[in-house]
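Chains as they are written, first to last, in this note's numbering: chain A, 1 to 283; chain B, 1001 to 1177.
Quick caveat, the hints were computed from the structure, so don't treat them as lab data. Backbone N, C-alpha and C fix where the C-beta goes; we use that ideal spot for every residue, glycine too. Be careful, since some hints might not be right.
As the list claims (entries may be wrong) - Not the full set, but computed from the structure, chain A residues with beta-carbon under 8 Å of chain B: (1) S96; (2) L219; (3) N222; (4) T223; (5) H224; (6) R249.
Claimed, not checked - Not everything, but these chain B residues come out facing chain A in the computed CB check (under 8 Å): (7) V1078; (8) D1155; (9) A1156.
Listed here are the chains, written in short residue letters.
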Amino acid sequence: MTFSGDLAAKHAWRGAFVAAALNATGMSIDFLLARDLPTMPIYPYAMSTLVSVGIIVFLLVRRQAATVRLGSAAFLANMAAILVALWITSGYWASSGRAWTPFQANKLGILAVPMVAPQLAAGLASIAGLTVIAIGKFYFLDPEFHRGFPVGEPWFILIYALFGSVLLVYRLRGLALEREMLRVQAEAAAADRLARTFVRLRNYTNTPLQTIAFTIELLRANTHGLKATLDRLERAVDKLTEVSNALTRYEDAHKWSPGDESLDATMMDEQLFGKESRRVHGR
Amino acid sequence: MEPHVGTGDNPHLEWRVAKSGSSPAAAAHPPSSVIDPRTIPHDPAPRVAASVIGTGFVLYVEDNDDLRELVVELVTVVLQRRCVGVGSYEELVGLGDEALGCSVAILDINLGPHRLSGIDAYRWLRDSGYTGQIVFLTGHASTHPLVVEAKRIGDAEIFSKPIDADRLRSIVEGDGR
C-alpha cells in the first residue's frame, strides 16, 4: 500500500468508527428522550445501537487491515441501521401529539456526514438516504399530522442536503490535497536521503581514489615495464572519477544539517555499507 | 603520528621527524623536535630534527596516513621537492616556526571528525605570519559547510580530490592558481 493510500485508509477507518460511535451515542440519547412516549418501541434504537457497536468491534478487529473500501462499507452499514431506525421512530414522534420538530435527526445526520464520510460516493449516498427517508416518511404519514409541521417541511431538508453535499466535497478535496502534500513531502525527504547517501559516498571514495591515482604516478616513476598495466589502472581510476563527478549533481539536492559535516567515519561506514562492513574489512 | 619529511635532493632518502606531543596543549607550547636515532629495518630513512627542514619545502596537512605518506613520497621522488607531511592541526602547530618556511602549504580541509580542520590550519599559518601560497584539497562536496567556509577565505584555491599529478606539479611549482 502506498503512503497516500495508507493515509486514506486511516481516514476511512476513523470516519467509519466515529460515525458508528455517534450512532450509538445519538440513538441512546434519543431513546432516553422518547421514554415518555408509551407507544415508542425500543427495538429501532436497540437495533441501531447494536449494529453500531458491532461495527465498532469489527473495525477495531480489522484496524491493522483497514482499507478505504472497508471503511466505506462499515460507514454505509452503520448509515443503513440509522435510516431504518429513523424511519420507524419518526413516525412515532409525529403521531405522539406532542410538539415535535420534524426530522431533526436527519438534518443533524446530513451535517455530520461531511465530517466523517470515508468517500464521496458513500457520503452522497448517506445524505441522499437521510433526505429521501425524511421526505418519504412525510408522505407516508397521515396528512392529519402535517398540520403540526412547520411551514416548508419537509423541503427544508433539501437545503440541508445541498449544504451537506458541498461540505462533503470540500472536506474530501481538502483531505486529498493534504494527502498529496504529505506524499510530496515524503518523496522529497526520500530524495534528500538518497542525495545525502550519494554525496557521502562520493566524499568517502575521493581520498582512496586520490591515493590510487598518485600511487600510479609513483609507480610510473619508479618502475619500468609496467606501462600497459598502469595505463589500464589509470583508465579504471578515470572511470571511477567520472562516477564520482556524476555524483556531484546531488550536491545541490542535499541540504546539510547542523552536525552533518562532523559525521563520524564509523557512522558513515554503517550508513553506506551496514554494520557488518567494518568487521568484514577490518578497517 | 609523526610528520613525514621527504627531501627532493635525494629522491631515495626519506626523512622522518620524531616529535613529542600532538595534543592541543602543544599548540601553546610547541614541543622541541628530537632526533630519533632508531633505524627501522624496513625503512632505512634516517630521522632528523625538524630544524633541518629549512625553507622552500612543500607542506602537506592530511589526516589520511596513506595519502599523506604517498604525497610526500611523490613530491620528493617525482617532483624533486622537499615535502613535509603532517596529519593534524596539532602536529602542524608542533612544527612551530619551521612550518612557516614552506613555499606552498597544501591543506586537507577536513582533518577528521571532531578535529580542528584545515581551515584552522590556514588561520594558524596566516596568524603566524606565513605569507606564501596556501591551497586547500578536499574530497568533500562543494556544498559541504567546511568547503563553503573555505571558499569564503578568498586567497586560497580549493581543489577537489582526486587531482592528477600535473595539477599537483603546478601547485607545488607555485602556478597552481
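Hint by hint, here is what the structure shows:
For S96/A, the interface hint is violated, the least distance from its beta-carbon to any beta-carbon of chain B being 76 Å, above 8 Å. Against a cut-off of 8 Å between C-beta atoms, the interface hint on L219/A is violated, since the closest Cβ of chain B lies about 10 Å away. For N222/A, the interface hint holds, the least distance from its beta-carbon to any beta-carbon of chain B being 7 Å, beneath 8 Å. The interface hint given for T223/A is violated, since its Cβ lies 12 Å from the closest Cβ of chain B, which is over the 8 Å cut-off.
With 8 Å as the threshold, the beta carbon of H224/A stays out of range of chain B, its nearest partner Cβ sitting at about 14 Å, so the hint is violated. The interface hint given for R249/A is violated, since its Cβ lies 11 Å from the closest Cβ of chain B, which is over the 8 Å cut-off. Checking V1078/B against chain A: minimum C-beta separation of about 5 Å stays under 8 Å; hint holds. Interface hint at D1155/B: violated, since its Cβ lies 23 Å from the closest Cβ of chain A, which is beyond the 8 Å cut-off.
With a cut of 8 Å, the hint placing A1156/B at the interface with chain A is violated, because the nearest CB-to-CB distance is about 18 Å.
Violated hints, listed in ascending order, are 1, 2, 4, 5, 6, 8 and 9; each of the other numbered hints is respected by the structure.
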